[in-house]
Structures are given as structure tokens and as C-alpha cells.
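Q: Each chain sits in its own coordinate frame; assemble them with the hints.
Top line first, the protein sequences correspond to chains A and B. Heads up, the first sequence stops at 69 in this note's numbering, and the numbers go up one at a time, no gaps. Heads up, the second sequence stops at 1055 in this note's numbering, and the numbers go up one at a time, no gaps.
No false leads were slipped in.
Residues from chain B that keep clear of chain A, each with C-beta distances beyond 10 Å, as calculated:
(1) F69
(2) E214
(3) V230
(4) L266
(5) I455
(6) L797
(7) G822
(8) G838
(9) D988
Where chain B lies over chain A, by a calculated footprint (3+ residues, C-beta under 8 Å):
(10) 14 to 22
(11) 28 to 37
(12) 42 to 48
(13) 56 to 62
Hints were generated in silico from the structure; no laboratory data involved. Idealized CB from N, CA, C, for every residue including glycine.
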Amino acid sequence: MAQFQETGPGGLSVLLFLLGLLFLASPFTTWWMSTGAPWYTVWVLWAVLIGLSGALARRSGHHDV
Amino acid sequence: MTFDLGVLTAIAVGYLLLLFLIAYVTDRRWLPTWLTRNPFVYVLSLGVYATTWSYYGSVGFAQYQGLNFLTIYLGVTLAFVLTPVLLMPILRLTRTYQLTSVADLFAFRFNSQPVGVLVTLLMLAGVLPYIALQIRAVAESTQVLTRESSPDVLAFWFVVLVTVFTIIFGARHVSPREHHDGLVAAIAFESLMKLVALLLVAGVAMYMAFGGPVGMQQWLAAHPEQVEALYAPAREGPWASLLVLAFAAAFLLPRQFHMLFAENQAPGHLNVASWAFPLFLLLLTLAVPPILWAAQVLEPGTPGDYHVLGIPLMSGWPSLALLAYLGGISAASAMIVVSTLAISSMTLNHLVLPLAGPQPHRDFYGALRWARRVAMVAVIAAGYGFYRILEPTSGLVGWGLISFLAMAQLLPGIVGLLFWPRATSHGFIAGLLGGASVWVFTVLLPPVTGDSTLAWLGLTAAGDGPAEAYQSSTFWSLSLNALLFVTVSLLSRPDEQEREAAAACRDLNPSLPVGDLQARSPKQFVKRLATVMGKDAARKEVDKAVRELGLSWDERRPNHLHGLRAQIERNISGMMGPVLARMIVDERLQLDKESRTALAQNVRLIEDRLETSRTRLRGLAAELDRLRRYHRQIIEDLPLGVCAVAQGGRLVRWNPAIAELTGIPMSDVIGRRLDELPGPWGMLLASFLESDANHWHRQEIHTDDRARWYSLHKATIEDPGLTSRSDDTVLLVEDLTEVSLLEQELAHSERLASIGRLAAGVAHEIGNPVTGISCLAQELRDEDTDREREQAIAEEVLHQAQRINNIVQSLVRYAHGGADSQQPPEPVRLRETVDEATRLTTLSRRARFVRFDNDLPETLTVTGNPQQLVQVFVNLFSNAADACADHADEGIIRVTSVDRGDGWLTVQVRDNGEGIPADVLDQVLEPFVTTKQPGHGTGLGLPLVYNIVREHGGEVLIDSDHEGTCITLRFRPGEPHAAAADTVREQAG
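If we strip away everything but chain B, and leave its shape as in the complex, we get (with noise of 0.2 Å):
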């Protein structure tokens, strides 16, 4: 049976359309997401890895070397059971830093271009026989089906398909980042399709030879020397060599990576696919000993690679043999398509942009575009040109080796990577160079020149097969490269950048950015990224950033313009590489290195480092960790509103009691300078950290129509590394509103008990006038006066009604002190207040017999609150009548001021009671502690003196012996906060 080559050209057309649709559906999300962006799909495009050297060659590889074709998925096994400890970083370093190729993240590592451009270059050089080797593929499996002698033409045309699906699936976006939702779907279908082809073929093979599985048992009970001809290459041949090769090949070849890690959706893909690529591999390769062992039964009069087509000619089934060729096809297009895509990338990344360098072109996403189609295209045209160059005579399987070695120069490389961070890029380029040469000789020019250079460097005895000769020169070159590797870089040293790259691949922490940026806010990014890659790409690239970061183009808080910086530089390094990106950010995004950076900020940024790492801290650091993060909960927890002011006024730190109280919450805060917060707690935070004063009493704030009162203090916070202090200082806001309620109400109260108090002596003092008046109205109704005694009468009344109406207004004055006590200080004589206070306390029946001296000067003036002062003085002479009430002696209350020179006001009233016992003079200024009999006194009074006086910046001294009491007042004259404040700090001191 055969085909027409026409009718096959057709069919071969028809599936890549196929391909084209799916892809298309795909794209244009016609398929439902669960399917598109299940993890088994990413699981079926790793089968990229399975190309026509897997799919027609593993049987032709079996029938010479035996078990030995196994190694190239074991290796690959042995691969993903690492995912923990290999892939899985790689993935984390690739999404982090938006790493797009294996190029992309050795320059990252080693932030060097000449390693990006020496790992594109062997990438090249090992993947164009590749590409070569499924051109041929196709061609020859054309030739298989038709007989025809020249299958060139659909050679070409296979090409130019696959090149047109690349460049329309591979080519949407500006980053290779970007996720091509409609290529994985095609690979992953055609994984797919190679797998049902495969068994099927196997299937039929094993039925038509055998007669089914137990038959196949039966067939080699019967000749042993079957499986022995599996087993002996295994014991004897490179088994462990090509395990090496197969274990890099599985994620450092190009398309391999690529999907890997370019086209992951989610990490935990990551984590189906270890097990699951591995599976899919396993079934792929369960189909191969049937069909061999069929082969050598039915004698297809194929060779060995096309034993897979041979088989389905015989069968006569013309559909079973289209599909198994449509394998064939599937396994040649998904590895072209997808080695493409990656090799252009890397190709543009490291070998074109750098010698162009960026150009602020108009429209640089698509010149981006347009270079990466071109690379594309060059990459695939140059695989067509080894094609037809290359001697086609060696088996499938050596072409694939060649690659693969290629690949496994990088393993010291990736070692170093993950693991080693004292690698450098010096030691990386000298291993690289070592083992590639090696390579270059000993697999590469020998198909290519026809001599064999094996002989000459006597690595391998002539006349060795091609398996036995990859077993030398893979021992020889990874050997050379690792020495080199290792070598090199002991005897060199890493610059600084290369330091924190490596910090960064192991997980660990690189150094903390130093400096602000000069660039003060996204609008300024925009500006200077402008002169590299034009406006409109700038504004874009900084506007997905600001999106991502979740910020907002006012954004000036530097920590936040940091990880901007960071983030741009990502986003750029997905479209350009790393070290274009890297270069582009550092001279365009520059960091004023002359400012230092708080080290408060820093601790933050280490902090939100912590959380966010997930290396695991041991030992002494582990615990370190959990001691800082027990501080930091104190503070987090602490009932106080604790905000840190770092270097420049920004805020470092805002724990929750204080973001509960302002209403604002932390995010809003942190990186923002004090004045930017809205009020009023902007402007009141601002003012108190510019004042002299570390504290402030009772600031009274209106929030929601309603008063509030908070007090400040403030430290400035020692540097430890440093003998003087920071400039980092830490505020405290302590919500006093409660306490100050609970005060009003208390001294409202002693108010009114005071004026229950005075009640008697308010009905004699108003009887005594309402008498007179009383008199004089009745010597108007029964006495016959003149009118000059009318007039005198009438003064006399209106007299007695003044003096009733004093008593009424101070009665009413000091009932309602409380109620406009927060009107604003004004100057108050103290004289005069004395006055007031004595008019009222005589009010008292207990007080009318004591004698009051008033020596205050009148200029004797604070700033205050006049009726809160009035009730200081009622108090006060209320207290001492009462200590003069039972003493023998006429009671004297004596007030009077001392100039002490020390800038106080002072005043002193002086009784001559019975003082106040010394067991309890300490505690006269506590709330409710009396020495009065019960039901003559609250206790409130003194504390309440004690409360009002602090309040206007004073203090309280109390002295007391058997000859009477002294308390003295001290008062500062001029604003009361400030005053309050020193007094406050003077008491604490």
C-alpha cells in the first residue's frame, strides 16, 4: 500500500489548518477556561519534549541499543522527581524576574551579556540540527508512505505552514512572558495525538503479530534472546551517561523551558506535571518493545526509525497509517513551533537588541514584533538550510544527541545557579567554553565534515556506535566544563550586582536599595524611560507597573517608587531580556546614591522581605525571626496609636491602635510624610514633630461634629549602630476623650454638691436683702414719707435687689462653669477670681466666720479659663473653712503671691486649721478620699483643684502641719499647652 503524495500533501495541510483552529478557538476563548487552562493540558504540551526522534526513532534506537532508549525519559523522570528542589525554584526565579529563556536566566544570574550571548549561541548551534533533523523526519516518513524519491516539495511547504502558524501563535505578544494560551492547546493536542497514535500502532502491531498480549508473552518465552537484547546494551552501553543527558535535556532545552516555565499558568501545574509528564512518557515508551518485536515478526521492510509506519502499511488499514503519519507530523510542527519561539526570543534578547540597542522608535512594541517575527523566521529558515546540507545518513537518534549534549553543557551552570552563589560569570564562561568545545568537536563536526575528530582526541575506539561515543564525549566535556566552572570562579570574584543576582536565585535576600530615586513619581518614570523606548511604550510600561503594583499615578511615597522600579524593570526584562532591562533601569531610573536611605524604612522593607520569603530560617535566625516578630507585635498590639517618622518625615510605622483612632488605615500611610495625611491629624502630627515640646496634654480634635481629646509625646529613637541619636522619631497618641468625659462629669458634680452645700447659707444671704426690701415697702405703705425718702427708699431696694441678684448670677456662673469649659484661654486676674470664689464660699453657713485676706496684687494675671479657676479657689477656701470651722482661734484664710524669681506665678492659700493628718496628706489629691465626716464631702475637690490646675500648665504643692495647711499653685503665665508640657517633663524628670 501506498500514498499519493499529492493526496498526503493535503492531508498533512488539512491537520496543521487543524492545528491553526484550535489554536485560534483557543485564543479567541471560544473553549471554556477549565479546559484551556487545565493542568493536564500544561501537562500534555510538555510532551514538546517527545519529537520524531522519540516517536519514529525510539524504535529503531531499541533494535541497536536496547533498553538504553528508555534513558532519554528516565533522565527525564529523575528530572521532575526534583520539582521541589529544581524546577520549582527555576519557575519562582523565571515568574519573579519574568525570565523568558534559558539565556535570559544565566544573564540574570551572572548580570552579564557575553553569558546570554555565549548560551544563545551553543543553544543555537545545538537546536538547528534539531529542527533539521524533524525536516527530515517529515520528509522521509513522506517518502515511506509514497516511495516517492524526492518528498523535498512537501518538505518545504511542511516549513513554510509551520512557519506561518509560529509567527501568527508565537508572535501575538510583545513579551514571550505573555502566555499563548492558543499554541499550548495546539501542542498539547498534538501530544495527544502522537500518544493514541503510538498505541494504536502498537496496539495493531501486537495483535497482528501475536495475536495479543498473551501471545507476545508466549513469543518471547520462546526466544529469550529477545529480552536478552534488551537488557545487554543496558548493562554494557551509556546508560548513565544518557540518563545525565536526558535528566538536563527535560528543562534546559529551549522548547522544553519554554514550556515549562514561560507557558506555566499557576505553580501548582508545576506540581501535577511532575508526576504526570512523567506518566505520559511511560505510556509513550510501553509502545515501543511491542512494535519492535512485531517488526521482527511482520519484516515491514522498513528501517528500524519508520518500523512505526512500515507496520500500519501492512495492516492495510490506509486510516491507521495516516494517523500514525500525522503522529509523525504533530511530533516535527510542536517541536519547530515551540523551539522557535523560544530560540527567537533569546536570539532577539542577547544577539540582536544588544547590538542595535533600544531605539525610541515610534512604535516600539511593534518593532519588537516585526524583530521577533524575523528572528523566527531566520531560526527556522537556518534549520531548513542544515537539512539540506547535512549529511542524512546517521540514524534520527544521533542528531537528537547532539542537541541534547549541547543542553547538558549547562549543568555545572544551573548547579552554580540554584546552589553555588560564590559562581561567577567568569567561571561560568570558561566551564561553558571548556565543555562546548568539546562538544563542538567531538559531536557537532564530525556529521557535519565527515571526520572523525573522536579518533583524534582517542577519546572513543573507532568503529563504537554513536551511543558509546556520546558516553565519552559527555564524560569528557561536563567533566572539563564542571572543573573550569569551579576553578574560575574560586580564582575570580563577583561584582557587586552579580552578588545580589545569585542572593536572588538562592532565595535570599539581595541588598536593600540605597538612596531615593530621582524620579519623585510615575509621571517622571514616564519622562526618562521616554528618551529609550519612546513615549507611548514608556507611558504603557509604566502604567501596567502602576496597575500591577496596584498604586496610583500620584504615587510618591519612595518605597512604593522602589518596587515600581523593580516592577518595571520585570516587565521590560520579559520583553528585552534582563540585562537590557537592568541597563535600561539603572541609567534611566537613577537612585540618588548621596541619600541615605532611614534605616527604619529598610527594617520594613526587610520585614515585608520575611513575610514574603519562603526560605526557611533556621537556627539562631529563626529565632532571631520570632523575636522580631514578638516586638513587633507588642507595638501591633500596644493600646497606644504608635506611628515612626523615618528621615525625610516619612512614616515607617502606624500600628493599629492608631490607625483605629485616626480612621486611616496603614496602607494609606506608610512611605507618606506627616503633612501629606488628611486632617486634622496631618496638620496636629506635622506641628507636634516640629516643636520643641515632647508632649502634648489634652489636643482637642473634631471628628464627626464631635470633640475628641488625645495626647502626644514623642522620642527621637537612637540608631543602633550609631553612638548619636536618628533622626527617626516615634510618636504615641494616647485618646484621653473618655477620661476627659468622665472628668467633666465629676467636676460637674462636686459643682453641684458645692452649691448643695451653699444652699443655707444662699437662703441667708438672699433672706437678709428680701427682709430689708421688705422693710422699706412696708414703711412705703403705712408711713407718710417724703419724696426725697421715697427716692432714698427706692435706691435702697433696687440695692438689696442687686445684691440678691450677685448671689443668683454667681450661683448660676459656677453651676454652669462646666458646660463652656472648653471656651478658649483668655487672660484671667486672679484677684478678682479670688474675690468671686470668696463671695461664694461665704455663701457657706461654715464659712461666713472665717476671715478672708486677699493679698493677691491686681496685675496677677494667667491665662485661663476663669470659671474653672473660680471653682479652684471654692474648693480650696471650702476645705480650709472647714478645717478653721472646729478650731478654737478665728479662722484666717490668707492668700497670697511669692515671687520666687524662677519664672512661676505662685500662689499660696494659707489657712490656720487643723490641718490635714500626715497619713493621709499623700493622698489628698486622689479622687474620693476625704477627711470629712460622711455626707459633708465627696473627695473630689482637691483632685479636681489638682486636674484644673494641671490643665492650665500649674502644679499642686500641699503642705500641712498642726498650725494649718499650705497649698501652693504654680502657674506659668503665658499659652497654656506649652506650659503644660514642660511642666509635664520637669515632673518626669
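Chain A on its own, in the form it takes in the complex (with noise of 0.2 Å):
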């Protein structure tokens, strides 16, 4: 019998990892480097990075461990 599944904390870091890659070490990376984008353009993308971590470590912090 098919189950729905709901995705699990390793699933969602790996999915947010791809995001990281696709930030910080993509041709999406070059491009917006070559834009003139303001200095502190990585610390902004950084910081979405890590609120995202906080909350799938929020959703993770109800699994057991």
C-alpha cells in the first residue's frame, strides 16, 4: 500500500544545501558577483542560508535524536 511520507530533516537539508550551492558555488554565483551587487550581497544570501538552517533545525529538534 502507498504511503504519503511526510519529508524527513535529511531530506530538506539536502534540498537545502542544493539552495547553498546554488548561492555560493554555481554560475548563478559568478552572475551575481559580475552584477555590482552590493558588498555585503554574501552576507545577505549567508543569512537566508542560515534562517532556512534555523528552521529545519526548529523541525528537526521534534524528531528523536
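A: Below, the structure written as C-alpha cells:
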């Protein structure tokens, strides 16, 4: 019987990691570095990644470790 | 502004003493636990990642490499994003198997001492230059503040103090797995110090140079080339390679591994760290660009690596300069202390102890502590030696990257460890040797020898900066490493223990223990381990494991002894590394491979592991697991007591019902033998298990001074994998107490009802002798009798009185028959029983005109309760008399015995009454079924006959037609219980 399973923290963390790679280690990275973006752009992207990590950690906290 | 070297030395020493104080009060538990064990203290302690390279060198790195300096922190962030799939599994492994270092982790996974040795050597080679870098940074920062040419004295004393601190607070425990609360608190304080100092310096620099953030933005708008100078190297430089290096360093650097995993107080803290530690790094790096740009405006005259000190010197605030300096001292000391702690543990476990071998020293723990201290001193001394001999011209960043690239060589291994069970130790060693060779020749040797092997290898163009060189080295070393790792792993085969370790790393259940332990008790564990570690240490280790598992020193249960063995192995692993621990346990606590572990015992272990496993089963496995739970729940919810006994008579299943009716909880039972259970159950169940009978009915047990009755049943369990049956047995215990009490009450009621029916006859029977006595008394009174006649009358009176007495006694015995129905069985002559029943029955008016023929032989004897057997015949005779009463012919009730040669005693009660209607014949043994008129029968007579005969191990057969009814009673001579078992088996069969 097929059963719907909620995505666990492991799967979400991998998705978040891929988002991090998109921000920081991809052609997109080279692109935003070339657009004359403000110097703090990378810190903003970094902060977004940390915020999402925090949300994920909060969600993981409900799982048994 | 300059500082006096003496003053600076005093301040540095004073600061280090403050760290001593923080560590000391924490270890003494003078600070509240909520503070010292706060997850944010753990997060700050991870700030040991930021060494002098980060603290001082980031500005210099940013000056030449722009945003590339950020990769060192962004890589860490990416690693922490993967906490649930990367860091948490490693934490689980290190906690479960007491692994203290990255070398322990790989040695455990590949079950190989050479792996541990190789990783330790790589770590040493990578970390010693890094320690040298810290000492150099302290010396150079002192030089910046004092303008002294030779700050070596301060560097030396700094090293001495850090060594003392490491020994005092890092070698307090025998096992490095024990948490060093004081050390962690001190390192966390140092991280806070670094952050505050750097942010203050950045703020002051910004205001000094630009008047504030707005001014800085205006300056940047006026100088767009400054922002472009940040971005250009990142677009074109080794951005991706440095990200990879930092990703690996985030958890593989010895100091990071130690703080992340060995000092972790709770897994939840790692969850907090997954976002809070990157946030700490973000704040730390946010200070770098303002300091860099301010330095370009203010021109403090210091190299880029030391603008963090140069700008405070220009500010004219000595306190700010000192704070910045102490931030650097913090970064250096924290790194040296924690790295030394981690490296000394690896050195001891994988280089020293395997060579020396554990000795049954008188003070085993003391010897280990001293060995660890000596290793600490040796590591720091070697780092100091590197500082003295290494080329001082290259920047701080270069030396740091040497270390980072060394750690990155473990990346293919860590991927294999967590995600590829097929990886082998040969593959890991081959990959590590290949990658490390590239690292040595392209990165490590050039700064030492001054010779650029890079050009020789043709990997990078001459004249490239160090960062570009690392891009090439990272790619080639990791590529070669991964290629060899995969290829050699596929070409080689892992042995059994390696496969088990791989399964453990994947959170799969390793194979089950085969055979019993040769040591049968914790005391025997001590005796066997004492030959390796001495008696005192062996006793302490076993005692610790016994307490951790909540066992007792009298423990004998095999599964608990297996658990104790595994716990001892884990604890020794925490002290001496996993390979030595496994070797000691395998050699000293051997398994008896010849003995077969019961399947049922394995089922229990599998169930326990499934319950505790964190692996989410999917697909068919998940469905099977649900099915297993369902089947188990059936047994758990069964209202019958169920226990299963495996090979060796050890209990492997004990359901809640049997726990309730015996009062013995499951935790006290599993793994024990039946005869080890407390009385009376141990004796009863063990006897039943050994007996040939498959059923024991109505076993009486006295608990709390009350009698209770149980029926026992058993069956052997078929081994699904074998054609023959296993030695395992399932026992069922059925509580019959309530039924028995009800039956007794019914029997008593029926007895009283019978007496009621006999009442008229009793009156008549007693009336006759009373009349006789009365006549005789009149004769004595009214007539003149001689002496001889008087004597005759007296005899007659006594005779008549005896008749009355007999009737009364019979009634009393009959009425009270149920009260002592639990008296022990005794031989009963059936002929006398039938006579007694006849006497009672003939008291009834309806039976008075029936002829009773007792043809039983005098010697016919059964074992049982005489009064209950009387009741059997009274009930049968009453029914027969009632059946004959309405018949035209004279009623005859004949009792005969039949010898069929089948070992049964067969008694037939035959009447010539009207018989039982065919439509109720099959139901007459059920309660309240009667053919009599209302008020003349309760419908309980024959059911009671059936119950009593069955209790006596017999059976009742009824045959009836219009010529009369024949009731056949069959008894087995001898002990009633065994007879009962056979009877029921035959009926069931």
C-alpha cells in the first residue's frame, strides 16, 4: 500500500544544501558577483541560508535524535 | 604607540590565568549548570575553528583574494546545513561506540589498525604546522605591539602555559570521551572574546576612517574599484576549491571533531549549532571588510595580516589594542589546546598503545593518564619545533590551507563511511596514500624545503599565488584519492567484521551474536579482563558497564551478558580506541561459537534493535515490520498467559497477561531459566516443561494465602527454516480460578437442592426408627418386662438410633462434601461409594420403589475424592429413579463394571426408565438443560457429574433409547493429573 511520508529533516537539509550550492557555488554565483551587487550581498544570501537552517533545526528538534 | 614586552607578557599570562580560573570554577561546578551546559556555550566552543588565521589573517587574505576569504566560513556553513545527514550520523556513531577522534571513527569503520595509524599520521602532519602557525601569530602580534625584534621569549612562555592548561584541563579523565566542562567553558569564553574584539576593532576602524557606516557606503560609492576588488578574485580564483576545503575542515579538523562530537552534551545542541555556529562565523567575518577598507584609508603601516592590531594602535586607545591582542591570544591558545587534546588521543590510541600493548599495570588508569600527558607535551613541543624551523615568510593563510587540504583527504572516506557499505579498508588506505602523496609533494614540502614541486608536477603555472596552487592541489589530490578509493574497494572484499562495522555506520543492524559467552557472569568478566588491564581497572570497567546497563553482579542472562560485553567494548574504546577495544574483548571475552543461539532469542534481539533503530523502513520491509508488530501485539494482548522457552530453557517471551497473573514483570524474566523464577511459578513451569504431558488441568497454587487454579498447556515451536521441530516451547497458562469457584458454588447449590428433594424421604426414614423407639419406650413403661427383655429393647433402641445416626451422618457428609473438596486424592472403593449413594438416594420417595443392583466388585478402586464420587452416583441415581418412576415396570438401576482391556476402569449405570429424548441427548451435559418438570430439577446434575469425572481424569459417555439409559463412566487408575492430561489429549485428537 503506497503511503504518503512527510519529508524528513535529512531530505530537507539536502534541498537546503543544493540551494546553498546555487547561491554560492554555481554559475548563478558568478552572475551575481558580476552584476555590481552591493558588497554585503553574500552576507545577505548567507543570512538567508542560516535562517532556513534555523527553521530546519527547529523542525528537526521535534524528531528523536 | 608601543607596548613594553614585559607588560604585554604579564597581560597575556594574566589572561591565560583567567582562562584557568574559568575552567576551574566550571569543573568545580561553582557555575550554574544551565549556564555551563547551555547549547550556546557549545556553539561558542565551536568557535575554536576561528584561529589566528581567521582572526588576523582574514583581513590579509581579503586584501589579496577578495571575497575568497569568505569561503573558509561558507564551506563550514554548507557542512552544517547537512547536519541531519552528515553531522548527526557521525555524532550518533561517536556517542554509541565511544569514538573520540576522527582516527577512531575510520579505524572503527574499516576495522583496521593501519587505517587508524595512517589517519593519525596525516592529522599529525597537517596539524603540527597549524600549531606552529598559532605560535608564530602570537609572536608576530607581540612584535607588532612592542616593535621588539625577537618576541621568542613570550612565544616560549605562551607555549608553556598553554601546555600546562592543556594537561590540567584536558587530561583530567582517563577517557577523552568524558566531557571537559571546564575546557569547553574556557574555549567558549575565548570565542566570545574574539568576536567582541573583532567587532569593536571593526566599529572603531569604521568611525575612524569614515565616520560611520554611511560614510563607508559613500566612500565605497566613490571607490567602486574597492567592491570590484572583492568580487574579481572570487569570480576568477579558487572559490569552489576553497569551499570544498572548508567543508571538510568544518568537521574533520581534529579540534572541530573533538568539540563537535566528543564534547557534545546532547544531540539537540548540535541542532542549535547547525544555524548558530554559521551565524557566529557570519558576525565574525562581517568585521573584515570595514577593517580592510579603513586600513586603506588610515594606512596603519602594518601588514594586511595584522591590520586588526595596527588600527587600534593608531586609535590611541591602549585598551582597544590590548583587547585585540588578547583576541589573538584567545584564537591561538584555543586552537593549540583543543588540537593537542585531540591529536594526543589519536597518537596514544593508534601509535603508542598498539606498539606498547596494554599492560596489566598496577595503576592502569594512572599509566593511561600519564601517557596522555606525555603525548600532549610531545605534540605541543613538535608544534613549537615546527615554528622554529619553518619558513616565516609565507602568509598565515598558506599554513592554514596546508592543514585544510590534509583534512580534505578524508572526504572520500567519510562519504564511504556514511553512505557506501561496499567501501573497504584497502580502498581507503590506497585513496588516502594517493591523495596524501599529492598533498605532501605539492603543498607540505615546498614551504619546508623551499622547492616548488608544483612546477615539477606541472599542476600550476609558476608565479601563481598560494590560493591558486591550492585549487590545483585540491582537485588532483581529491580526484586521485577518490579514484583509488573506489577502484581498490571494488577490487577487494571486506571481511566479516568490516561488514558489521559498515552496517553499524549505516545504522543497519549488524549480525547477531552467535553462541554464548564463555564468561558466565560479571565476576568472570573481571577475572578475564584483569589479565589485560589489571584487577582494579577490570573491576571498575565492569562495574561501570554494569551500572550503565542497570544490571546486577549476579546477572546470568545470556542476552544481558552480551549487552554487557558490548558496553565494556564501547567503554574501553573510549579509552584506548576501537581497534584495541575490539581486540581485547574478542580475546578475553570469547564467544562459544559451538553453541547455537536460539532463534527465538535472536528474534528478541532483532525486535529490540528494530524498536531502537532510527532507520526508517520502507516498502516491503516496512510492511513486514507492521505485520511483525501486529503478530506480536496479538500475543501481547492475549488474555492467556504466554511464555516461550528457547534452547537452554531460557525464557524469550513473557506477555503482559502472564506477568499479571504471576506478578513477575517481564524485565525480570527474559533470558532467565524457568527454574530461576521465584516460587511457586518457577517450580511449576519447570516441572511442566519437563513432563511428557502437554496439558495440566487445574493446578492449584497458593499465593497470598489464597488458592488459585490454573491450567497449563504447551507445544513445541517449529523452526520455520528447518524441517524438524526446534527445542523451543510455548507455554500457555490459563487462569481457572473464577470458573472453579463458580463450579464449587454450583456444586454446593446442587447438593443442597438434592438434600431438599430428599427431605421427605429423610423424614420418613427417620420417622420409622423414631416410631419403633417410641413403641419400645411404651413397652418399657406399660409392661412388666424381665431383665432379658429390657436388654433386648435397649439393643433395639440403640439399633434404631444408629439407623437415625447413619442417615444424619450421610446427609451431613453429603452436604459438606464441597467444603473439603480440595482434600488430597485417596483410593476410593467404588462399590462402597455406590452403596453410600444408594442409601442417600433411597431417602427420596421416588427412589424408594426402585431396585438397586450393585454388581461392582469389592476391589474396584479409583483415586479421587470420595464425597465427590458419592455425588456423582447420587446425581445419576436420582435421574435414573426419576426416569423409572413413571414407568409401568419395576424400576431397576444396575451398576456394573466392564473390563475392555484398554486400561480404563469402566463403570456403567443402567436403568430401565423411559430414556432421554434424542433431541436433548447431546445437550444434557450442559448446565440448566433438564427434561424434568419445572421445580423438579435444576439441570445441574449431569454437568456436575461431567465436571467431577473430568477432574478425576475420566470421561462420561451417555447412551439412551426408549428402553432406558446407560451412562458409562471411565476412569484411569492412578494419579489423577496425568490421567487428565492424557484424557484431554485423546479428546482433542
